[in-house]
Amino acid sequence: MNTASPLPRRWSTRDIVTASVVAVAMGLLFAVWNVANAPILDPLGALVPGLSAVGHGVWLLGGLLTALIIRKPGAAFYGEVVAATVSALIGNQWGVITMLYGAVQGLGAELIFAILLYRSWGLVAALLAGAGAGVAMAVLDLSLYYAGADTLFTIVYATASVASGVLIAGLGGFALARALARAGVLSRR
Amino acid sequence: MTLVTRGAEVEAESFGFRYHGSEKPAFPELNWKLPAGASALIVGPSGCGKSTLARSLAGLLSTDEDGVFSGCLRLRSSQGRDETVRVGMVLQQPDDQTILHTVGDDLVFGLENVGVAPQEMPQRMSQALAQVGLDLPLDHPTSHLSGGQRQRLALAGALAMRPQLLVLDEPLQALDSDGKRQVLDAIRAIRDSEPITLVVIDHDPAQWRSLVEHVVMMDAESAKVYPADSAPLAWSDELRPLGRRQEIEAEERLHCHNLVVGRHTPLSGAHSFSVAWGEIVAITGPNGSGKSTLAMTVAGLLTPLGGDISIPPHPHELTSRELARAVSFVPQNPAHHHIGDTVAEDLGRGLDLYDGSNADERLALWLERFGLRELANQHPATLSGGEARRLALASATIAGQGLLVLDEPSQSLDRDSRQTLVDLLGELASEGVGIIVVTHDRALISALGAREYALPPQVQPTDRSLSVPGPRWLIRANPLALLGAATAVAAGLVARVDVAESLIALLAIIVLLGGGRALTKKSLLRLIPVSIAAMFAALTIALYGEQSGTILWSWGLMTVSEGSLALSLATLLRITAIAAPAVVLFQSVDATRLADALSQGLRLPERFVMGALAAMRLVQVLGDDYRQLLMTRRSRGVADQSRLRRLPRDVFTILVIALSRSRVLATAMEARGFGGGPRTHFRRSTWSASDWLILGAGCAVVAISRAGSAVLAGVL
Chain A
1 MNTASPLPRR WSTRDIVTAS VVAVAMGLLF AVWNVANAPI LDPLGALVPG
51 LSAVGHGVWL LGGLLTALII RKPGAAFYGE VVAATVSALI GNQWGVITML
101 YGAVQGLGAE LIFAILLYRS WGLVAALLAG AGAGVAMAVL DLSLYYAGAD
151 TLFTIVYATA SVASGVLIAG LGGFALARAL ARAGVLSRR
Chain B
1001 MTLVTRGAEV EAESFGFRYH GSEKPAFPEL NWKLPAGASA LIVGPSGCGK
1051 STLARSLAGL LSTDEDGVFS GCLRLRSSQG RDETVRVGMV LQQPDDQTIL
1101 HTVGDDLVFG LENVGVAPQE MPQRMSQALA QVGLDLPLDH PTSHLSGGQR
1151 QRLALAGALA MRPQLLVLDE PLQALDSDGK RQVLDAIRAI RDSEPITLVV
1201 IDHDPAQWRS LVEHVVMMDA ESAKVYPADS APLAWSDELR PLGRRQEIEA
1251 EERLHCHNLV VGRHTPLSGA HSFSVAWGEI VAITGPNGSG KSTLAMTVAG
1301 LLTPLGGDIS IPPHPHELTS RELARAVSFV PQNPAHHHIG DTVAEDLGRG
1351 LDLYDGSNAD ERLALWLERF GLRELANQHP ATLSGGEARR LALASATIAG
1401 QGLLVLDEPS QSLDRDSRQT LVDLLGELAS EGVGIIVVTH DRALISALGA
1451 REYALPPQVQ PTDRSLSVPG PRWLIRANPL ALLGAATAVA AGLVARVDVA
1501 ESLIALLAII VLLGGGRALT KKSLLRLIPV SIAAMFAALT IALYGEQSGT
1551 ILWSWGLMTV SEGSLALSLA TLLRITAIAA PAVVLFQSVD ATRLADALSQ
1601 GLRLPERFVM GALAAMRLVQ VLGDDYRQLL MTRRSRGVAD QSRLRRLPRD
1651 VFTILVIALS RSRVLATAME ARGFGGGPRT HFRRSTWSAS DWLILGAGCA
1701 VVAISRAGSA VLAGVL
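Residue numbers (the working numbering), protein chains in the order written: chain A, 1 to 189; chain B, 1001 to 1716.
Calculated directly from the structure, the hints in this document are not laboratory data. In this text, a Cβ means the ideal position worked out from N, Cα and C, and glycines have one as well. Check the hints yourself; a few may be wrong.
[Said to hold, decoys possible] One side only, chain B facing chain A, incomplete, derived with CB under 7 Å: (1) Ile-1541; (2) Ala-1579; (3) Phe-1586; (4) Ser-1662; (5) Gly-1675.
[Stated by the list, open to error] Some chain A residues flagged as far from chain B (calculated, every beta-carbon gap over 10 Å): (6) Pro-73; (7) Leu-107; (8) Leu-111.
Turn these sequences into a full structure, and let the hints steer you where they fit.
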């Protein structure tokens, strides 16, 4: 698709359903990751202060992937909130707070796409939006969970969060969206 | 109140449609007049544009987004000229066109979309259920419906909207013979009671003969209209049988002895049977009799719960690669079987298991033999049903496996594709492959000349309600109150890290939740990871927190001081106080109530809330897809890697499946009038005094902990 051409801004019913289904699928991934991340990341975090955040970008994929597929205003926010809600409804260790996370992380990515005037959906936009979501996640984590941490931890944790947002959510989301387009499942027929 | 629905007249003049970005028309130009109350069958091979025609009859194609119309299509109501004609539509896929979580919610969805008054809804719902012969309570979960029940529910959902034209797009294709009969009976009953206009689209005319008056025969070039009696059609469902096969000396390929199967609990009955070289055995039996479970156990994907399987012995203990070389399994949904990004790559992955020489020749031969050569570079997700199944069959046999297990191989296939399947299976059998087919398709069994192994029905478990755990006040609470209370606690505690404040908050929460009474087994299980996470966060802060006071221990970057220990304790208490109410309060919230509260209470845009709610039904469907995928991957020889390393690939496959499901879901929702004007609401989301109480309790926790810690600070 040509990234420069302005697309219709209004969401069609099919956009809404597609976005919802993508977000729900990502919510399932969140649920898998809720369980799978701890044995991998927690020991890492105990050894190197703050490094456990390198895997947290998986939880930002809902917003990124939905936005990169639907390419409409609000898609990043909507996708992340729906994915987080699914994760909360399936049941996880954070309950309703997950929805708060979804909203904040979704806004982080949404803000970047808005700054780009909802005109670019390429790799650079994806990486930037991943960073935006990563910053939002880091702010929330550091104030909710690690408020008492020292400066070194805070810096490492924030950097790891943003890097994870850029690589896992930004690059990963971009690659996934492109692979789906190549597979031909994003066409309207 | 009796309400006779009038039929609508359909008139097409040089009517055509072309998708944006496509050179060719989607279906041949149509000239046709169908009188009000008449019924017609549109037949034609796969890919001739029948479904596109169906969607344009139902008004589901838009000139903005889909394509351009040519000529003219008029739908005229027999009641008056000005009245808009309502069109109901039922699609092929039973799983993907169920929209909501319970029978009642699903039925009422369309009525809400078109703004029917809530007091009129119960009568319309019960009438529609009676018309399709579904005797189920409105709170019956849709996840527990059989395929035939689902299709009848979709039909009832369309009928409740009182359509004048009913368009059925291959409504029987994905059903077993019982399901087909149920749906046909329902349609016959509707035709007998109402003069509704009916258009059926199907590539198999067999079942429709007695129901239709017109036949439109379509192919890629032309569409011709006939009276049903004189249509040049083969109405029969029979398939050409295999010729007499050469008798092969019966050496056993597979032998089961007293085999007991089941997913968690054993199903009743022990199975003893064998399959010889070149023999075809059909496993039959009613829905829920355990046919698929038996087939998957024989294929080494499920562990037997008793008895033995020989040749290969103990298939469930083999590695994925060893298993894949001995036994092939083709699941009901071929999308679960594909592992390559193109047809050729998928076949190539199958060929990796092949020992013989001249692999390249074999690949070319298999592409040819299964009619896949033209499709070699296409992604498997873009194949039609028949093509996808041929690919699965090709990839499952290319390494020359001796035993082939197929689950419902003829489901969703048109007659030509079923004939191709019969011929291919016959060839494989004559090459010595032992074949087990799980099927409902009588015509397939007789054409294959298969030996039948029939399973008796199982006694179904009776508990089929969706039970929500938790105390009554929690179940009845408005989800917004719970959301608000948990958010208040989190927002109140996030401001400061203070041991006293967090401890008082935690105690207040325990008191307000009534000690342990609000805790169910489910919420306790969920609190375990919370505690682990809280402990890890506390450990992190102890090691890397802000240091003060005496240094107690230090190693490399890690330092523990009195100050960091205090912070660590505060962190532990704080996370527990934030997460525990969030988990306990949310344990009883279901998606439908949350969606009602969000759209009616918070007035969030309904199109989005309802879209998300409908998609959430797919959580279970996609979860089943994932489980099936993991099992089938084992039979393709690629499951020896750790599950985590396969995760990216699996996520992609699930997304591909999700997106194809979403396309059907979107069409089904649009067919029920979704996305139009303002909706009415059958379920009311209410806010009562107890909801204020819950919200107040959340704020009280914050106030008490603030005040308490201030008092303590003053005292100390």
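For each hint, the structure was consulted:
1. Taking 7 Å as the C-beta contact cut-off toward chain A, the hint placing Ile-1541(B) at the interface holds, the least distance being around 5 Å.
2. A cut of 7 Å between beta carbons decides the hint on Ala-1579(B): the least distance to chain A is about 6 Å, and the hint holds.
3. Among the interface hints, the one on Phe-1586(B) holds; its C-beta lies about 4 Å from the nearest C-beta in chain A, closer than the 7 Å criterion.
4. Interface restraint check for Ser-1662(B): the shortest CB-CB distance to chain A comes to about 4 Å, inside 7 Å, so the restraint holds.
5. Restraint check, Gly-1675(B) versus chain A: the minimum CB separation of about 4 Å is within 7 Å; hint holds.
6. Under the 10 Å C-beta cut-off, the non-interface status given to Pro-73(A) relative to chain B holds; the minimum distance is some 13 Å.
7. With a least CB separation of 15 Å from chain B, Leu-107(A) remains clear of the 10 Å interface cut-off, as annotated.
8. Under the 10 Å C-beta cut-off, the non-interface status given to Leu-111(A) relative to chain B holds; the minimum distance is some 19 Å.
The structure fails none of the hints (numbered hints given earlier).
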